[in-house]
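Asker: Each chain, letter by letter, is given below.
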Amino acid sequence: MAGLELLSDQGYRLDGRKASELRKVQARMGVFGQADGSAYMEQGNTKALAVVYGPHEVRGSRSKSLHDRAVINCQYSMATFSTAERKRRPHGDRKSSEMSLHLKQTFEAAVLTQLYPRSQIDIYVKILQSDGGNYSACVNAATLALVDAGIPMRDYVCACTAGFAEGTALADLCHAEETGGGTALSLALLPRSQSIALVQMDARLHQDHLDTLMEAAMEACKGLSKVLDSVVRQHLQEVSVLSRD
Amino acid sequence: MASVQISEAEKVYIMHGVRDDLRVDGRGCEDYRHMEIETDVVSNTDGSAKVRMGHTDVLVGIKAELRRPRPNVPDEGYLEFFVDCSANATPEFEGRGGEELGVELSNTLYKVFNSHRSLDLRSLCVCPGEHCWVLYVDVLLLQCDGNLFDAMSIAIKAALFNTRIPKVRVLEDEEGGKEIELSDDPYDCLRLRVDNIPCIVTLCKVGHRHVVDATLQEKACSAASLLVAVTPRGAVTCVRKLGAGSLDPDSIFEMTETGKRVGKALHAPLMELLQKDESLGKKRQKVGFLA
Chain A
1 MAGLELLSDQ GYRLDGRKAS ELRKVQARMG VFGQADGSAY MEQGNTKALA VVYGPHEVRG
61 SRSKSLHDRA VINCQYSMAT FSTAERKRRP HGDRKSSEMS LHLKQTFEAA VLTQLYPRSQ
121 IDIYVKILQS DGGNYSACVN AATLALVDAG IPMRDYVCAC TAGFAEGTAL ADLCHAEETG
181 GGTALSLALL PRSQSIALVQ MDARLHQDHL DTLMEAAMEA CKGLSKVLDS VVRQHLQEVS
241 VLSRD
Chain B
1 MASVQISEAE KVYIMHGVRD DLRVDGRGCE DYRHMEIETD VVSNTDGSAK VRMGHTDVLV
61 GIKAELRRPR PNVPDEGYLE FFVDCSANAT PEFEGRGGEE LGVELSNTLY KVFNSHRSLD
121 LRSLCVCPGE HCWVLYVDVL LLQCDGNLFD AMSIAIKAAL FNTRIPKVRV LEDEEGGKEI
181 ELSDDPYDCL RLRVDNIPCI VTLCKVGHRH VVDATLQEKA CSAASLLVAV TPRGAVTCVR
241 KLGAGSLDPD SIFEMTETGK RVGKALHAPL MELLQKDESL GKKRQKVGFL A
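Heads up: the protein sequence lines correspond to chains A and B, in order.
Numbered per the UniProt record's numbering, the first sequence spans residues 1 to 245.
Numbered per the UniProt record's numbering, the second sequence spans residues 1 to 291.
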């Protein structure tokens, strides 16, 4: 490992968390007035904004439209100042195109697209500040934005990363842990049915450890789903109080 | 830009309102919408600010990097502007859709702000001819509801006020080699003087009158607008006509005068607010997007 001790002998991580502890999650729905749905999400120092437009008519060429379900269109971008080193372009590079594709796959598994044939749902996510777990922050923010837009889904989609160090699985990695040389796995889960919408791991890991890693990521996702649920409920309460007056 | 479609009757309604100095949202012709300004919102930048003006939302992040100065001005640093019209603002900006507008906006910002009269560019120089600070001013449009320029200029001014550049020293060894040493103390930093930084006031010609801080609806009723950059002392640093229509010289003169008056009045409360925010220090509650 590249000089960094990811897990101390006392069982604490670089930022003082325990192995299975999540970072502080803060979120808000309905951030913007113009979009159909929007949400802001903070997971530790990672900050993401998600905006949803639609369902609406398919924009551009009609050939994209599907006769039996809605098209989900995602764009992932990062603010040029979001990373330690300034980025030249907010989107359009290989990494963000890949991320857009992953988001699309994730949400195609969750949104009830068959309810809106020949239409399109746009999901735009933006990373304002990046500190590891960009994909999961985006998924969680987009889930809240979809809920805000009133688009029916099978379940919340919750995503989290998990890593592996010193024989222990670490939940919700920060940037230092992600780049520290260990394994990182991102997982998007539909918690109620326990089905996995997306899983991705790019590094080497012994097969015996895969189960523990998946288990840790799924536990973390379930923890996040509780937080998302409470955010939605609180938002609904605020909105309903406002509309009652 | 995000467009709205309004009917003839609505246009007439808006224009008659402007004629009587009473706009659709109850403002007078020279009033701004409610503004929310917050600085230091993105912690991995050197300075940042977020401005919300009605439904217009702008986030500015400033990052300082050490670069080689421009050959024609070896003893000055410089600013680089980039405007990201993100798809968050409107789906039209998806993919490359926002690029054209982004380039137009960033070029205008460059002309307004990058001069040694508005900012002391010499203070950004570390070692003449070799190293200077380059401030990358990145503007992120999150929501567009008219009057982008004013919101951007206020956000940029606030972000520049908030910017802290680490102090560096140039050490020279015996052989004449130079080395740059970064100060160990994170609080030992360079602040920028923002006293002369202009604010942009965009005036929209609606009927025979002009309005400040036009919403998209009002913009749809006007053929042309005038951008005026005004310093706190009331000096005009940049005038530019925007939009497809034409303006007669008399109204340009009138609009510049209004721009001067409004712009001058804009600076004092802005600086007061920024200073008040700063004096709170760590006690200030950070809201960001969670409010």
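FYI, nobody ran anything at the bench for these hints, they're computed from the structure.
Where a beta carbon is used, it is the ideal one built from N, C-alpha and C, also for glycine.
Check each hint, because a few of them may be wrong.
[As the list claims (entries may be wrong)] Using C-beta positions, here's what the derived DEER-type ranges look like:
#1 A:P152 <-> B:R122: 27 to 37 angstroms
#2 A:M153 <-> B:S7: 43 to 53 angstroms
#3 B:L66 <-> A:G16: 50 to 60 angstroms
#4 B:D25 <-> A:P152: 52 to 62 angstroms
#5 A:L115 <-> B:R193: 51 to 61 angstroms
#6 A:Q105 <-> B:N107: 36 to 46 angstroms
#7 A:M153 <-> B:R70: 27 to 37 angstroms
#8 A:S61 <-> B:P166: 45 to 55 angstroms
Asker: Next, verify each hint and record whether it holds.
Answerer: Against the structure, the hints:
In this structure the hint that P152 (chain A) and R122 (chain B) lie 27 to 37 angstroms apart at CB is violated, the actual value being about 60 angstroms. For the hinted restraint 43 to 53 angstroms between M153 (chain A) and S7 (chain B), the CB-CB distance of approximately 37 angstroms leaves it violated. About 32 angstroms separates the C-beta atoms of L66 (chain B) and G16 (chain A), a value inconsistent with the hinted range of 50 to 60 angstroms. Judged by the Cβ atoms, the range 52 to 62 angstroms given for D25 (chain B) and P152 (chain A) is violated: they are separated by roughly 35 angstroms.
Restraint check, L115 (chain A) to R193 (chain B): a C-beta distance of roughly 58 angstroms satisfies the suggested window 51 to 61 angstroms. Checked against the given bound of 36 to 46 angstroms, the beta carbons of Q105 (chain A) and N107 (chain B), roughly 38 angstroms apart, stay inside it. Between M153 (chain A) and R70 (chain B) the Cβ separation comes to about 53 angstroms, which falls outside the hinted range of 27 to 37 angstroms. The supplied range of 45 to 55 angstroms is met by S61 (chain A) and P166 (chain B), whose beta-carbon atoms lie about 50 angstroms from each other.
Hint compliance for this structure: hints 1, 2, 3, 4, 7 are not met, and every other hint is.
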